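Protein chains in written order, with numbering that gives the first Met the number 0: chain A, 0 to 319; chain B, 0 to 319; chain C, 0 to 319; chain D, 0 to 319; chain E, 0 to 319; chain F, 0 to 319.
One should not assume that every hint holds.
Copies of the same chain are indistinguishable here, so a pair counts whether it falls within one copy or spans any two.
[What the hints assert, rightly or not] Below are the DSBU-like pairs computed for lysine-lysine, each with C-alpha atoms no more than 35 Å apart in a straight line:
| hint | residue 1 | residue 2 |
| --- | --- | --- |
| 1 | LYS124 | LYS78 |
| 2 | LYS90 | LYS64 |
| 3 | LYS48 | LYS31 |
| 4 | LYS64 | LYS2 |
| 5 | LYS31 | LYS2 |
| 6 | LYS171 | LYS254 |
| 7 | LYS136 | LYS124 |
| 8 | LYS124 | LYS90 |
| 9 | LYS71 | LYS171 |
| 10 | LYS90 | LYS48 |
Keep in mind that the hints were calculated from the coordinates and are not lab data.
The model shown is predicted, which means the values in this text are computed figures rather than measured ones.
Protein chains: 6
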Amino acid sequence: MTKQLYDYQNDENLDLFVLIKAADVRVAKNGKKFIAFVFQDRSGEISGKFWDAGQQDIAQYQTGKVVHLTGKRELYQGKPQIKIFKLHIAKAGEPQQPEQFLPKAPVDQTTLQDEINQAIFTITKPSWNRVVRWLLKQHQDTFFTYPAAKTNHHAFEGGLAYHTVSMLHLAKAICDEYPDIDRALVYAGVILHDMGKTIELSGPVATQYTLAGNLIGHIVLIDEGIVQACTALDIDLASEDMVLLRHVVLAHHGKHEYGSPVEPQLLEAEVLHHIDDLDASIQMLRGHLQHTTPGDFSDRIFGMDGRHFYAPQQPDQPEA
Amino acid sequence: MTKQLYDYQNDENLDLFVLIKAADVRVAKNGKKFIAFVFQDRSGEISGKFWDAGQQDIAQYQTGKVVHLTGKRELYQGKPQIKIFKLHIAKAGEPQQPEQFLPKAPVDQTTLQDEINQAIFTITKPSWNRVVRWLLKQHQDTFFTYPAAKTNHHAFEGGLAYHTVSMLHLAKAICDEYPDIDRALVYAGVILHDMGKTIELSGPVATQYTLAGNLIGHIVLIDEGIVQACTALDIDLASEDMVLLRHVVLAHHGKHEYGSPVEPQLLEAEVLHHIDDLDASIQMLRGHLQHTTPGDFSDRIFGMDGRHFYAPQQPDQPEA
Amino acid sequence: MTKQLYDYQNDENLDLFVLIKAADVRVAKNGKKFIAFVFQDRSGEISGKFWDAGQQDIAQYQTGKVVHLTGKRELYQGKPQIKIFKLHIAKAGEPQQPEQFLPKAPVDQTTLQDEINQAIFTITKPSWNRVVRWLLKQHQDTFFTYPAAKTNHHAFEGGLAYHTVSMLHLAKAICDEYPDIDRALVYAGVILHDMGKTIELSGPVATQYTLAGNLIGHIVLIDEGIVQACTALDIDLASEDMVLLRHVVLAHHGKHEYGSPVEPQLLEAEVLHHIDDLDASIQMLRGHLQHTTPGDFSDRIFGMDGRHFYAPQQPDQPEA
Amino acid sequence: MTKQLYDYQNDENLDLFVLIKAADVRVAKNGKKFIAFVFQDRSGEISGKFWDAGQQDIAQYQTGKVVHLTGKRELYQGKPQIKIFKLHIAKAGEPQQPEQFLPKAPVDQTTLQDEINQAIFTITKPSWNRVVRWLLKQHQDTFFTYPAAKTNHHAFEGGLAYHTVSMLHLAKAICDEYPDIDRALVYAGVILHDMGKTIELSGPVATQYTLAGNLIGHIVLIDEGIVQACTALDIDLASEDMVLLRHVVLAHHGKHEYGSPVEPQLLEAEVLHHIDDLDASIQMLRGHLQHTTPGDFSDRIFGMDGRHFYAPQQPDQPEA
Amino acid sequence: MTKQLYDYQNDENLDLFVLIKAADVRVAKNGKKFIAFVFQDRSGEISGKFWDAGQQDIAQYQTGKVVHLTGKRELYQGKPQIKIFKLHIAKAGEPQQPEQFLPKAPVDQTTLQDEINQAIFTITKPSWNRVVRWLLKQHQDTFFTYPAAKTNHHAFEGGLAYHTVSMLHLAKAICDEYPDIDRALVYAGVILHDMGKTIELSGPVATQYTLAGNLIGHIVLIDEGIVQACTALDIDLASEDMVLLRHVVLAHHGKHEYGSPVEPQLLEAEVLHHIDDLDASIQMLRGHLQHTTPGDFSDRIFGMDGRHFYAPQQPDQPEA
Amino acid sequence: MTKQLYDYQNDENLDLFVLIKAADVRVAKNGKKFIAFVFQDRSGEISGKFWDAGQQDIAQYQTGKVVHLTGKRELYQGKPQIKIFKLHIAKAGEPQQPEQFLPKAPVDQTTLQDEINQAIFTITKPSWNRVVRWLLKQHQDTFFTYPAAKTNHHAFEGGLAYHTVSMLHLAKAICDEYPDIDRALVYAGVILHDMGKTIELSGPVATQYTLAGNLIGHIVLIDEGIVQACTALDIDLASEDMVLLRHVVLAHHGKHEYGSPVEPQLLEAEVLHHIDDLDASIQMLRGHLQHTTPGDFSDRIFGMDGRHFYAPQQPDQPEA
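Isolated chain A, as found in the complex (with noise of 0.2 Å):
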C-alpha cells in the first residue's frame, strides 16, 4: 500500500501523488509571485509553498488537479508543512481521478444505503415513510456523496448519509431506552433533517455553498422538498401528520440563534436535536483529536466555542 501525506514523519523526504485542495497565488515581499498550496490525501491535509512561481505554474497547478510531489515534510509554527522540491501535473498512466484523494466516510456507500433503507421499514406511519422515500429518491445521487459541512464535521465524501446513519444508531438506543418516544417520527425526522445540504452545498470536491444555501438554508430547502412531496403524493399538508414532520425538521438546531424558525416543542423534535448535537460534536472532536499528541491538547476548536481538548497520555485500554 502506497504511503500516504500522514504516514510519512516530520524530517522525512516525501514522493507521492495529492490532489491540489487550494492554490492561492500570493506576492512575496521580493515582488516575485508563490503559490500557497494546501495538498490533500486520504490520510488529510497540509500546506506548503512553491517559490518564484512563473505564469506557467500558476496556470497548470490548480484547485482539483492531481500532482506528483517530491518534497520533505517539515514543523513550522507547531504545524507539519511541505517544503516542495518538485512537483509535475499526473500523466498519462497515473492517478488522476480527483475522488481518489478525498477523505471518505469511513464506512462504503453500500451499507449506508442498507441501514437507510432498514430505518425506512421502521416508519410505519404512512404518510411519513412515502415522503421520506419520496424525498430520498429524488436526492438519490447526492445524499450518499455529499459532505454533512463544509468545514466542521463530516466534511467529506459521504459525510451527509454517514452522519445520518450515525444518528440513527443513538435514536435507536434512544427511542429503546424511553418507549414513550414515537419511533417513526424521530428516524423521519433523522433521514430527512439535513437532506436539505444536497442543495445548499455545491458538492464533495471544494465544497462551497450555493446561492439558495447562503439566501434559504437548507432547513426550509428540505422543508419546500416537504412541501413537493405532499403534492405530487396528494397527502394533506395541513394534516397533523405532516405539520409534526415538518416541526421535528424546521427545530432541528434546537435554538433560534441557530437558525431554526421554530424550537422544538414535540419531544422528538427535541430528541432529534440532541442526536444531532451530539453526533456532531463526538465527530468534531475526533477529527482534531486524531491528529493531536498524547499529552498534547489540539488547537482551539471554532465550533466548539474555541475550547482545546485533551489527549491523554495513557488512555484506557479500549476493549479488545
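Using the hints, position chains B, C, D, E and F against chain A.
This is chains B, C, D, E and F only, laid out in the frame that chain A set:
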C-alpha cells in the same frame, strides 16, 4: 351616535351593548364562583367582575356573546373597571353581531384592496407579480379581515392588510429616496411578508395560534405558499428570482433570534425588515399612548423591552 | 387496588388517603385563616384550600402528615384542585408512612443497584474503579433513595439512581458507536457526576437545599469526595488518571454559566455532558406530557426556556 | 474627463493623479524598508506597495499629499491593488488640492443648506426652532463639510449634512403617514442628533476621533450645545420642551449598549432612532454593493454584524 | 425611648405613632373596599390591611400622614404584618412631622458636610476645585437630605451624602495604596458623580423619578451642571481638565448597558466606578441582612441578580 | 547602574545583557529561517528578529537563556523593536541567572511575608486560622515567587503574594468602614483565594498552565487544599465555619461565567470578589499606562473588554 365604553367617565353610570371578549370562571375566597369578564367594543376593552355566578350565568355569558350591560365605570388600581349592575344576553331586535364590536382598521377594506392592487402594478418583474397575485387570491378572504398579531400591534380586524398598506407607503418613500433599491422586490416582499398569519392565527375574533402557527410559524407557512405558487404557475423555484423573493420574506424578522431562518443578505431584505419594525413599533406605541393622560407615562410595554412612554403635556400643534 | 388522586375525574367525589406535601397558612380577605394544601400520592399532586382553619387544624395538618380526605375534584383556571369536604389525620390501622405516598422511580432499587454494579465491572482502570466503589459505599444509603433534583427532572424517590442508570444505558450505546471513547472514564463519570446531590439536598421528603448545597454545590461536593477517596486509598491526586476523572465530573454542566468551574476539554467530558442533558430533558418532558391531554400543549416549562410542548392527537402506534 | 482609479480595469496600465490617504513605512523581510500606500480619488481607494523606499521617499510621500502615479492595476487575493512604476509629488501647474480627491456627498452643499433651512421652517415650536438655529450657526462651517463617521457609513466630505437631509426626507414621509407624531420634534431631533460629530471627529481629511470625542462622545457633546444655547437664548432648561428635545437627541442610539444614556421613551424618540438606523444601514450597504460584481457577495460588513450581501445578477429594471 | 415597629415581636400587641408610606385602596372579593397600608418609622416598614374602609377613611388615611396605630404584629407568609385594631390621625400635641419617621443616614448632616469640605481641600487642581464648590453650593439644600436611590441602596434621608462620604473613605484608602492615581480627580468625581440625583428624584419623602430624571437621567443632568459651572466661572470646557472631569462622571456606571454614555478610559474613571459599585453593593446587602435571622437566607435581591444571602449562625466576634 | 531595555531611546544603539523570553523559529519568504525573539529584562520586553539563522543559532538561542546583545532600538509600526547587530550566549563571569532579568514585585519577599503573617494574627476564628497557616506552609516556597497570572495582571515574579498583600490593604480599609463585615473571613479568603495558582501555573519563568490548571483550575485546586487541611487538622468539613470559608474562596470570581462554581451568597464573598477585581484592574491598567506617552491612548486591553486608556498630559501634581 351611541356612547361606547371609552366615552364614559370614571364614576359615571353606563348602559350599553358590549361583546364578551373573555369570561373566566373563578372561585372567590368565600367559596362562591364569580366570572371575570373582559368587555369590548370598538373604543377599547375594560374588565369587570360578576359575583355569585350561578350555573345558568356561567352557561350563557360566554366569550363571543353580545350582552346588554348596565353598571358604573370605576377606577381600580389606576385602571378603569366596570362595576356590574345588570347583564342580559342581547335579544332579538338588539345588536347581536360580534363583528360590530370588534375594533377595526381605521381604513376601510375597499381602500386597502385598492392600494394593494395599485402596488402590484409596480411589481414589474413578471414572476414576482404572478406569485403575489396567485397568493393574494388564495388568501383573499382572510387577508383583509385578519389581525396582524394576537396582541401587541395591529391586533384588530383588518389589521393585517392595514399593516401591509402602511408599510407600502413607507416603502414608496424609501424607494424614492434611494433609487438603487429594487422597488419591485420590496413591494412584493411587503405584500407577502406576513400573509402566513392567515394560517398562523385563528381569525379576528378571540384570536389564538393554530397548531401550524405554533409548530411551523407564519414565516415558513408563506414560504410554503410560494413553493406551491411556483408549482401551480410553472415557475422555476431554483431561479435567482425566486431565491431572492423567498429570501426577502424569510429574512424579514431581521435576526435569527426573532425567528428568521436566514438573516438579511440583500439590500431589499434589510429594507423590508426595517419597514416592518418601524410600522409595528409606531402602531404599538400609538395604541398605548392613545389611553395615556397627557403628562403621564404609559404602562411598561412588553413588546418594547418593557419601556414606558411619555405623553407630553403640551404637544406642538399638529398641522391643521 | 385503591384509587389514587389522578384516577378520579373532574367533578367526581373522592375518598382516599394522601400525603400533605405543603400546608401554607394564609389570611383570607374576610380576616379568617385558611390552609393552602398540596396533597400528593404516587399518581401526582393536586392543591386544595381548607377554609376557616382554627388553631388546632393548623397545628395538626402539617407537611409530611398522612391524612384521610373526602372531597371533590374540580377544575379551576384549567388546573385540577380539590374541594375539601372532610379531613382527618390517619389513625392507627390506617396508612401512616409518608414514603408510601411519594412518587418513585419506575424501576426498583435492587435492579438499579445491580445495573450500577454491573457497570462498575467495566471500569477497567483500577484507580477509577476503586474511587467509584469507595464513594458509592460512603453514600450507599442515600444514593438509592434521593431524588435527582428538588423540582424539574427526576424529582422523586430513587430519582438520582434512576437518572444514573438511564445515563449508563445511553453511555453504552454511544461507546459502542464511537470506539475511541474511553468507556471506563465515561462510566465512572456517569456514576459519580450527581452523587454530590446526596449532600446538596435534604432527602426525598419535602426536598430542600442544604447549606452546603447552596454555598458549595453538588459539583464541588463530590469533587471533595474524590479528594477524600484518594487520601483514604493512597492514590496520587496529581496523577493524570485523577485529573481526568475530576475534570469529567467538574465539567459535566457543560458551560461555566451552568455552574461548572471548568468546561469540557476531554472527549469523554463532552460526552458525559450531552448524556446528562439528554436524559434530564427527556425525563422533564415526559413528566409534563404525561398530564397533557392529546391535542393540547403542556404548561410552559421553566427548565426548557419556557417552551410548551405539544401532545399529538394521533401518535404513531408504538411497537407492541 | 480624466480617468479615475475605478475607471481602469485589472491588468490595465494607469497614469493619473491621486491623493495619498495612508503611507505606512514597514520593513520587508530582506531588511529594506517599503511604503504601504493607500491611494484615493473620488472613485474610491486602492492600495499599492513602494519597494526599497529611501529616506527621501519616506520624507516626501506622506499622507495628504497629491502624487502623479504611473503603474498597473492588478488583482491580489481578490482585491485590486496598484503595481507602482513611478511616482512623483504633484508639481506647480499640476493638481495639488487634497480636497479635489476626496469622495463627496452626491448632493452639493447649497442644496443641503436649502433643504435644512426649509425643514427649520416646519419646526413650529419657537423654543426648538431657536435652539436649532443657534446651534446650526455655531457649527455652520463644519456641519456642511464633515463626514458622518470615521469609517462605516457616510464617511465622506459633507456626509454629515447629507445623512441629515436624507433623514429629513424619511421623516417627512413618516410624519405624513402617522399624523399623531410631533413633526417639529422629529425634525429638530434629526437636525441636531449627530451635530456633535463636528467636535467628536477631527475633520474630513484623515478623520480621527478627538480627545473629547473619545472621552465624552458626540451625544453628550451636542447635549452640552443645547445647554449652552438655552443659556444664551434665556430658555428654561427645566421646561418640558427642553426635556423633550434633549431626550430625543440623547436617546437616538436606541439602546444603552449603543451608547445612549437613556432609551427612547417618547414616540418621536423611537421614530428618530429608526430613521437614523435605516439611513445609516442603507448608505453602508450601498457603499459595499457599489464595488460588488453582480452575482457575487460583498465582503463581510463589520457594521452589519459581519453579514455579507448579495448583488443580484439580473435586478429588475429600475424605473427609467 | 419609645418602642418602634421593629422593637415589637411577632404576636405582640403594639401601640405607637407611624408614618403612612403607602395607602392603596382595593376592592375585596366581598365587593367592599379596603386599604393596603405600608407603615414606616425609622426602624423599617411593615404592611397592614384596613378592612371595610369607608369614604372618610379613604379620604383621611393618605400617604405622608402620621397616624396613631394600635394593633398586633403577626407573621404572614414568612413576613411580618400588622393586624390593625384602631387607627387615628395624629392630633395636636401628638407627633405630626413625617420627617421624624423617615429612616436616616447613620451619620448626622454636620459630620457629612465637614467630611466633604475636608475632601475638597485635597482637590488641588484649581479648575476642578472651583467646579465642585460651585455645584455643591447650587445643590446645597438637597444634596444633604436626598436619598441616593428610590429603592435599592441608600434609600433614606441623607443617603446621597452618606453614600458620597463612604466612597470618599474608600477612595482615600485606594489612593494611598496606588500612588499613581490622581487623587484630586477621584475625589472630585466621587463628590459629583450622583449629585444629579437631586434633580432626578423628587425628594426624600415618597421618592419618585421626575420627568427630567426619566428622560435625561442623573448622569447627564450633572454633566449639564458642569457645563453651566464652566460658563459661570469662565473655565474653558474644551480644556483637558474639563474633558477628564466630565469623563469620570459620565463613565461612572462602568458600562454602556448600565447607562453610561461612555465607558471608563481613564484609570481614575475605572476606580470611581469600582468604588461606587462596592459601596452600593455592601449597603444594599447590609439592608437585607439586617432583617435576616442568623441561619437563614435573605429574600432574593433584585439589584444583586436575584441572589439571596446567608446570615451565618455564628459569626466571628467582631473586634470589640 | 547598568542601562536596561527601556532606558534606551529609539534610534539609540544598545549593548546589554537580556533574557530570551521567547524564540520562535520561522521561515522567511526567501526560504531561509529566522528567529523571532522577545528579549526581556526588569524594565520590560521588546522583540527583535535574527535573520538567516543557522542550525547552531537555533540550537543555542533558546527560551530561558541569558545573552549579550548589541543592536539598535527602532520604532516599527508604532512599537519599539531591536535591530540585532550581534548576539552571544552569556559566558562565565557574565550574568547568567534568568531570575535576574525577570520583572519582580515592587516589594521584597520579606516584607510580603511579614504583612501576611500580620494579617493571620487578625484571623480570630481558630479553624480558619489553622487552615490558612497549614496551607501557607504547604505552598510556602511557591506562594512568594509565583506570578498571579500568565499574562494580564501581576504577571511577574512574586506577583501572587504582592497581589494578595495589596488586597489585604484594601480589605483592611473596607472592614474599617463597614464594621458588620466579618474581618477574619475576608482576610482568610484574601490569603487563600489565588493560592491554587501555585498548582495551576508552571512557575515564574516562561509561565504556562499545567494539566491540572487547565482541567481543574485554581479555584477547585485550593478547595482541594482546604479539604486536605481539614483531614490533616481533624476539622469538621461539614461545620458552618468550613462551608463559609470554602464558599468565600469558590465564589471569588463573582459570576458563574468567570468560572466560579457558586456565586457570592455571603456579604464577605461579595466583598472579596470586589477587592480582587479592583486590585487586578488597577494593576493591569498601571502596567499599560506605564509605557503610554502622556497625551496618548494605551493599546486596547483585552482583559478590560478591549478598551484603551488615556494618559493625561498634565496630571495633577501627586502629593509630594
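Here's how the hints hold up against the structure:
Proximity of LYS124 and LYS78 under a CA criterion of 35 Å is satisfied inter-copy only: 33 Å between copies versus 52 Å inside one chain copy. In the homo-oligomer, the alpha carbons of LYS90 and LYS64 lie at most 35 Å apart inside one protomer (11 Å), although the nearest pairing across protomers, at 52 Å, exceeds that limit. For the homomeric pair LYS48 and LYS31, the shortest alpha-carbon distances inside one copy (13 Å) and between copies (13 Å) are both at most 35 Å. Taking the shortest alpha-carbon separations for LYS64 and LYS2, only the intra-copy value of 19 Å comes in at or below 35 Å, while the best inter-copy value is 40 Å.
Proximity of LYS31 and LYS2 under a CA criterion of 35 Å is satisfied in both settings, with 33 Å inside one chain copy and 29 Å between copies. For the identical chains of this complex, LYS171 and LYS254 are neighbours both inside a copy (24 Å) and across copies (28 Å), given an alpha-carbon limit of 35 Å. In this homomeric assembly, LYS136 and LYS124 come within 35 Å of each other (Cα to Cα) both inside a single copy, at 18 Å, and across copies, at 34 Å. Within a single copy, LYS124 and LYS90 get their C-alpha atoms no closer than 54 Å, and across copies no closer than 50 Å, so neither meets the 35 Å cut-off.
For the identical chains of this complex, LYS71 and LYS171 are neighbours neither inside a copy (47 Å) nor across copies (44 Å), given an alpha-carbon limit of 35 Å. When the C-alpha separation of LYS90 and LYS48 is checked against a cutoff of 35 Å, the pair qualifies only within one copy, where the shortest distance is 22 Å, while the shortest distance between copies is 40 Å.
Checked against the numbered hints above, the structure violates hints 8, 9; every other hint is satisfied.
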